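Peer 1: The chain contents come next:
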Amino acid sequence: MTLYWIGSLVLLLVVFPIVVYLLNGVLVEARSIVPTVRHIAHVARAGSADLDAAPLLLTTQDQAIRTIENVAAYGGSLDVILDDARQGS
Amino acid sequence: MPAPGVILLVAVVLIVLALVYHLVMTIVALRQIVAALDETIAAVGEIIAKSGPVNDVVLTINAHLGAGVSALEGLLVKKAGMRDALGLVEGVYPGASAAGFRDFPDSTTTKAPRISEVYTRGVLTLARLGREAPIAAASPDGPAVRNATRSAKSAMDLYPDVRHTRPEKLPRSPVIGTDSPVQYPEGVL
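Chains as they are written, first to last, in this note's numbering: chain A, 1 to 89; chain B, 1 to 189.
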């Protein structure tokens with residue numbers, strides 16, 4: 001009967017607080033992760049939104065190529081119009 | 001039921017309740033984490049998809065711009081000669097001649113002349129206007145963006161003896177008329 005008493009009291013006064021303490025620690029840590037992960041998700045969405053203009057780079061590429069082609073055409077015309085530098089100048 | 005049995009039963013019930021509460025709360029928190037991670041993964045996927053072609057596009061633009069620069073530098077050297085070409089570049093972009101032209105290794109060792117010794121003020125002004133034309137992104141709809149420290153001052157530095165530097169030493173304009181202090185004789189035609 002004495003061991004029965006001791007076992008019951010140990011379960012109530014020692015095991016139960018330890019279980020509560022450990023479970024509470026797990027819960028606190030899990031809850032602390034939630035805002036961090038939400039912040040990461042927000043930042044990732046913002047980063048994705050920042051790249052919305054990235055497809056315009058294709059237009060920029062096309063415009064740059066056309067501009068270079070026009071400059072090359074002007075350069076070709078200038079090459080015809082202007083005399084070359086004299087040797088030694 | 002004996003008292004130790006009641007205590008044991010109460011302890012077990014309390015432990016089970018604690019387990020249920022904390023585990024359910026933990027599951028809720030983990031589900032929130034999973035939902036946020038799903039959003040994160042989707043956004044990261046978008047970032048990867050959007051940034052995928054950026055590298056190739058930028059490299060292509062750089063390659064074309066590099067080819068354009070090389071062609072224009074070659075044309076400039078061909079038409080103006082290495083020395084004068086460096087002088088023009090130095091006049092428009094002070095200090096740039098030290099880097100030389102990318103396709104002309106000897107351009108880094110060629111001494112650039114002062115632009116004012118080679119080109120007239122009009123040429124320099126035209127070159128400067130070309131550099132500071134209103135294509136700057138800072139004011140695409142506004143007036144021409146001009147460099148206040150270079151656009152006027154550099155011209156003054158090149159021509160230090162004109163009116164804006166020493167106006168007090170310039171002769172005054174002659175006074176003409178019948179009551180002028182100096183009467184000039186009528187010219188004989």
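What the hints contain is simulated information worked out from the structure, not anything from laboratory work. Please read all numbers here as calculations on a predicted model, not as lab measurements. Where a beta carbon is used, it is the ideal one built from N, C-alpha and C, also for glycine. Among the hints, erroneous ones may be present.
Derived list of chain A stretches under chain B, where covered just means 3 residues or more per stretch with a C-beta under 8 Å from a C-beta of chain B [as the list claims (entries may be wrong)]:
#: 1; segment: 8-19
#: 2; segment: 24-31
#: 3; segment: 39-45
#: 4; segment: 49-63
#: 5; segment: 74-85
Under 10 Å between C-beta atoms, here's a sample of chain B residues computed to sit facing chain A [unchecked claim]:
#: 6; residue: L9
#: 7; residue: A35
#: 8; residue: A43
#: 9; residue: S51
#: 10; residue: P105
#: 11; residue: T108
#: 12; residue: T109
Peer 1: Each hint: holds or not?
Peer 2: A quick look at each hint next to the structure:
For the segment 8-19 of chain A, the proposed coverage by chain B is satisfied: 7 residues have a C-beta within less than 8 Å of a C-beta in that chain, meeting the threshold of three. Counting residues of the segment 24-31 of chain A whose CB lies closer than 8 Å to any CB of chain B gives 5, which reaches the minimum of 3, so the coverage claim holds. Closer than 8 Å: that is the beta-carbon criterion, and the segment 39-45 of chain A has 4 residues meeting it against chain B, so the requirement of 3 holds. With 8 residues having a beta carbon nearer than 8 Å to a beta carbon of chain B, the segment 49-63 of chain A meets the requirement of three or more and the stated coverage holds.
Counting residues of the segment 74-85 of chain A whose C-beta lies closer than 8 Å to any C-beta of chain B gives 7; at least three are required, and the coverage claim holds. Annotation: interface hint on L9 (chain B) holds; nearest CB of chain A at approximately 9 Å, less than 10 Å. Taking 10 Å as the C-beta contact cut-off toward chain A, the hint placing A35 (chain B) at the interface holds, the least distance being around 9 Å. At its closest, the beta carbon of A43 (chain B) sits 3 Å from a beta carbon of chain A; the interface hint therefore holds under the 10 Å criterion.
Interface restraint check: S51 (chain B) against chain A, minimum CB-CB distance 6 Å, threshold 10 Å, status holds. The beta carbon of P105 (chain B) is not positioned within 10 Å of any beta carbon in chain A (closest approach about 18 Å), and the interface hint is therefore violated. Using the Cβ-Cβ criterion of 10 Å, the hint placing T108 (chain B) at the interface with chain A is not satisfied: the shortest such distance is roughly 19 Å. The beta carbon of T109 (chain B) comes no nearer than 16 Å to any beta carbon in chain A, farther than 10 Å, and the hint placing it at the interface is violated.
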